[in-house]
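Q: Protein sequence lines correspond, in order, to chains Y and S. With the first sequence counted from 1, adding 75 to any position gets you our numbering. With the second sequence counted from 1, adding 7 to any position gets you our numbering.
Note that these hints are calculated values from the structure, not bench results. Check the hints yourself; a few may be wrong.
To be verified - Computed list of lysine-lysine pairs in DSSO-like fashion (alpha-carbon distance at most 30 Å, straight line): (1) Y:Lys463 - S:Lys73; (2) S:Lys73 - Y:Lys151; (3) Y:Lys437 - S:Lys467.
Claimed, not checked - If you want the ones that stay clear, here's a sample from chain Y, every Cβ over 12 Å from chain S, calculated: (4) Ala214; (5) Pro427; (6) Ala434; (7) Arg439; (8) Ala447; (9) Lys463; (10) Thr469.
Since we're looking at a predicted model, the values are computed, not measured. By construction, the Cβ of each residue, glycine as well, lies at the ideal position given by its N, Cα and C atoms.
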Amino acid sequence: MPNPVAEIESTMPDRESASPAPRGEWFSHPPRHDEPANLPDWYLERRKECWHRFLETPEPVRTDEHWRFATLGNAKFEQLDTATAFPETEEIIAKTHRWGLKETAARFVFAGNRLVESEGAADLPQGVICLPIMEALAAHGDLVREHFMQEEARLGGAKFAALHGAATLSGIFVHVPRGVVIEKPIEVAHWAAGDQTAIFPHTLVVTEANASVTVLDWFRSATPEDRTLAVANVDIAAEDGSRAQYVAFQNWNDRSKHFHLNGTRVGRDARATSCFVNVGSAWSRNESVSRLTAPGADSRMLSSNLADGNQEFDQRTLQLHEAGHTTSDLLYKNALYDRSRTIFSGLIQVCPGAHHTDAYQKCRNLLGSDEAEANSMPGLEIDADQVKCSHGSTSGQISDEEIFYLRARGIAPRKARQMISQGFLNEAVEHLDGEELKAAIEQRFEERFAVLA
Amino acid sequence: MPHDNATLEAVSIDQAEGNFSFPEAYDYDAGYGLTEQVIDYISDAKQEADWVRDFRKRALKVFLDKPMPTHWASKDLENIHFDNIRYYLAKGQRPTRSWDEVPDDVKQTFERLGIPEKERKYLAGVEAQFDSEAAYSNVKEELEKQGVIFVNSTEGLREHPEIFRKWFGKVIPTGDNKFSALNSAVFSGGSFIYVPPGVKVAHPLQAYFRINAENFGQFERTLIIVDEGAEVTYMEGCTAPKFETATLHSAVVELVAMKDAKIQYITVQNWSNNVFNLVTKRGLAHENAEIRWIDCNIGSRLTMKYPGVIMKGRKARGEVISIALANDGQHQDTGAKMIHAADETTSNVVSKSISVGTGRSTYRGQVHIPKHLKGCKNNTECDALLINTSSRTDTYPAITVRGNQHATQHEASVSQVSEDQIFYMQQRGLSEAEAMSLSVNGFVNDLVREFPMEYSVELKRLIDLEMEGSVG
Numbered sequence: 076m077p078n079p080v081a082e083i084e085s086t087m088p089d090r091e092s093a094s095p096a097p098r099g100e101w102f103s104h105p106p107r108h109d110e111p112a113n114l115p116d117w118y119l120e121r122r123k124e125c126w127h128r129f130l131e132t133p134e135p136v137r138t139d140e141h142w143r144f145a146t147l148g149n150a151k152f153e154q155l156d157t158a159t160a161f162p163e164t165e166e167i168i169a170k171t172h173r174w175g176l177k178e179t180a181a182r183f184v185f186a187g188n189r190l191v192e193s194e195g196a197a198d199l200p201q202g203v204i205c206l207p208i209m210e211a212l213a214a215h216g217d218l219v220r221e222h223f224m225q226e227e228a229r230l231g232g233a234k235f236a237a238l239h240g241a242a243t244l245s246g247i248f249v250h251v252p253r254g255v256v257i258e259k260p261i262e263v264a265h266w267a268a269g270d271q272t273a274i275f276p277h278t279l280v281v282t283e284a285n286a287s288v289t290v291l292d293w294f295r296s297a298t299p300e301d302r303t304l305a306v307a308n309v310d311i312a313a314e315d316g317s318r319a320q321y322v323a324f325q326n327w328n329d330r331s332k333h334f335h336l337n338g339t340r341v342g343r344d345a346r347a348t349s350c351f352v353n354v355g356s357a358w359s360r361n362e363s364v365s366r367l368t369a370p371g372a373d374s375r376m377l378s379s380n381l382a383d384g385n386q387e388f389d390q391r392t393l394q395l396h397e398a399g400h401t402t403s404d405l406l407y408k409n410a411l412y413d414r415s416r417t418i419f420s421g422l423i424q425v426c427p428g429a430h431h432t433d434a435y436q437k438c439r440n441l442l443g444s445d446e447a448e449a450n451s452m453p454g455l456e457i458d459a460d461q462v463k464c465s466h467g468s469t470s471g472q473i474s475d476e477e478i479f480y481l482r483a484r485g486i487a488p489r490k491a492r493q494m495i496s497q498g499f500l501n502e503a504v505e506h507l508d509g510e511e512l513k514a515a516i517e518q519r520f521e522e523r524f525a526v527l528a
Numbered sequence: 008m009p010h011d012n013a014t015l016e017a018v019s020i021d022q023a024e025g026n027f028s029f030p031e032a033y034d035y036d037a038g039y040g041l042t043e044q045v046i047d048y049i050s051d052a053k054q055e056a057d058w059v060r061d062f063r064k065r066a067l068k069v070f071l072d073k074p075m076p077t078h079w080a081s082k083d084l085e086n087i088h089f090d091n092i093r094y095y096l097a098k099g100q101r102p103t104r105s106w107d108e109v110p111d112d113v114k115q116t117f118e119r120l121g122i123p124e125k126e127r128k129y130l131a132g133v134e135a136q137f138d139s140e141a142a143y144s145n146v147k148e149e150l151e152k153q154g155v156i157f158v159n160s161t162e163g164l165r166e167h168p169e170i171f172r173k174w175f176g177k178v179i180p181t182g183d184n185k186f187s188a189l190n191s192a193v194f195s196g197g198s199f200i201y202v203p204p205g206v207k208v209a210h211p212l213q214a215y216f217r218i219n220a221e222n223f224g225q226f227e228r229t230l231i232i233v234d235e236g237a238e239v240t241y242m243e244g245c246t247a248p249k250f251e252t253a254t255l256h257s258a259v260v261e262l263v264a265m266k267d268a269k270i271q272y273i274t275v276q277n278w279s280n281n282v283f284n285l286v287t288k289r290g291l292a293h294e295n296a297e298i299r300w301i302d303c304n305i306g307s308r309l310t311m312k313y314p315g316v317i318m319k320g321r322k323a324r325g326e327v328i329s330i331a332l333a334n335d336g337q338h339q340d341t342g343a344k345m346i347h348a349a350d351e352t353t354s355n356v357v358s359k360s361i362s363v364g365t366g367r368s369t370y371r372g373q374v375h376i377p378k379h380l381k382g383c384k385n386n387t388e389c390d391a392l393l394i395n396t397s398s399r400t401d402t403y404p405a406i407t408v409r410g411n412q413h414a415t416q417h418e419a420s421v422s423q424v425s426e427d428q429i430f431y432m433q434q435r436g437l438s439e440a441e442a443m444s445l446s447v448n449g450f451v452n453d454l455v456r457e458f459p460m461e462y463s464v465e466l467k468r469l470i471d472l473e474m475e476g477s478v479g
């Protein structure tokens, strides 16, 4: 078969120049900056391919079902720069320590695309690989290759996925060998700063048979005014009998944009949990696909979102049951205030032959203002027999009785509303494993509610 | 090539004039394909007013401009060849056939369903009209006394434009979708009904009642206007298989319920396997009015039908109750559309579908509650039953809620007939097939009860019939 990329290559001017892209012009150059010298050939080749794909893939249009109800202007690619290094990294590191978990197995702090701190990675059990992704590509190229961006962007974000694949990445690669259990979470903080800059956080978690690990990504702006774009990707491969848990807590400033792709693959008797929490950014889109590939596979897909102001949160999910006797359970919760919007589009797809599937999907919206808008599109595509599949979606508000009950106990109405909303959002987080992790997220919600008008 | 002088003369005259002329006596159909000439032909045949002719022509342009909605709908739509379709057949030029030509399985189905002898020939297309004069003349007389207008689309637009023009094409604008535009261009047949204020029509109205009317057509157009405080129930179709040679059926049904009015629209259709059934149905409910769509879809190659209610007045209510059964090679793509446009409006959607063999049933729904409204409620339930391992079902609802003074809930589930149930019934002497039928009938039972009695009896028999050979 002729290689289409090679053909394009020959007719196009060389866009792969290594020199740093001039500010505001990386539309004509892939977003790259200082990176290890010995990156493997397959990766360099793949990046080229991705860049061409990015240029060729059209931007989403109105008739695209995967972008139904979305404000398309958010998906327009503006002129952006790759994030530059931060001057005041000490302050960021200090903030991360104050803000983050007390007990971690390892911690990484990225300022823009640059690693500014890492600790604990060397003390992980023997055989565990836990490295920044670019270093892992250089040092363990073949191992990374097996799992690196193997999942197709099926939910409308192909252009974003291609851009991610073409860029210099931040974030980490975690590979837990057979039978190794890492109790405490691995924590990664992603900081962004610099107006009109972009970062590309990448998280790749692989658990071999019967291994177990939890990875937590924090996303935070260093300044309240810089407009940044994050095009993030997290892939999880939970092999037979293993446990992989991933949590993303997104709290960019309200002028930034966030795009998060997720591909999860769950093997025999394994369990993968993903939880996306969004409280920040002007626009955030999550595309999350879980593939259940062998009997006994179990996927939990969780999300809690607190939207206010003019925020728009766009959630697209797919529970893909490729094998029989598999389980998936999705719970997405949105609390909306002011003029915020949320879009939930979820699909349970049961492939032919995937009999005895047990799939559940639930999206609940709590509307806290007269102008907030919640869109839900829960979907089912069932092509097998003996399945148990259901979905539910509700939209409503806090009932007066609930407020009355709390007021009768001396709680002011405003506080009462906050408590109920917070309890509503915590419900998804409750399904996570790890007490400190849950407490930390709930704490962040509380802080966020405190500043909510 | 005929070389007789008459033909040559005719041909040369046509060419000299540079335009088409059709014979005065409408002895011929409009031919195949869709052009402006076809529209003129239909309008001439129906002696329509100029505004109707213009309406049709504008619709034709919209139809030609609109793309197929295949970005969300089934790709099977691409198999419709618009050039191979006859868009209008004049009276007396419909294909006739004798009773002997009707396939045995259709005859057998009539027998099994218990269709009255008189109706069978009509349903099989042997007789052009169902001779309903005797049976329904009393009903007709009563309607006339009450001032109810009940005519076909041609007559409605010609004789009563003062009533029908105001709402014609307003609930479903021509450009709503490609197929509503097609219907607007070539519609014929269907019912136009007006019920005066306060009149509660006691008996359900059916197209059967009309004498000498084109009851069924490929491109029916129905408009029902029920004035303040009036009530009516309309029924279309029947459980008997429609013996059809036409492969595209694209109707438009518009309902208008004025203040405090009630409309119930009941459809039971059983198409043959080669039919594309692409129907647009929508009702407009004013203050405190109620519109209910009760819909049963069986058969066809592809049915796309999403009855909707726009609740325009305060406290208006909308309801869709739907049963779909998809057998081998069939795709039932049905659903509901609820647009809340006033305070305290409520809507309810209950949909049950059954997929048998390689059948595929799809629920597609839209619920829209815009901002600045208070106290709107929606409830949606869709349940799907899968009979065989190769059966398929999909659910694609879309719910938009703005503001914090509403409540919506949506639930869907997919299940199969439990093995325990079947085993239990077999223990009591039922065959597996009988047990399966009983189970399926139980699944739709609460909805079947919403249909008029004679329909629900036929419906049960029909489900038994469809379930045959699906087990074992």
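Q: Which of the numbered hints above does this structure break?
A: 1, 3, 5, 6, 7, 8, 9, 10
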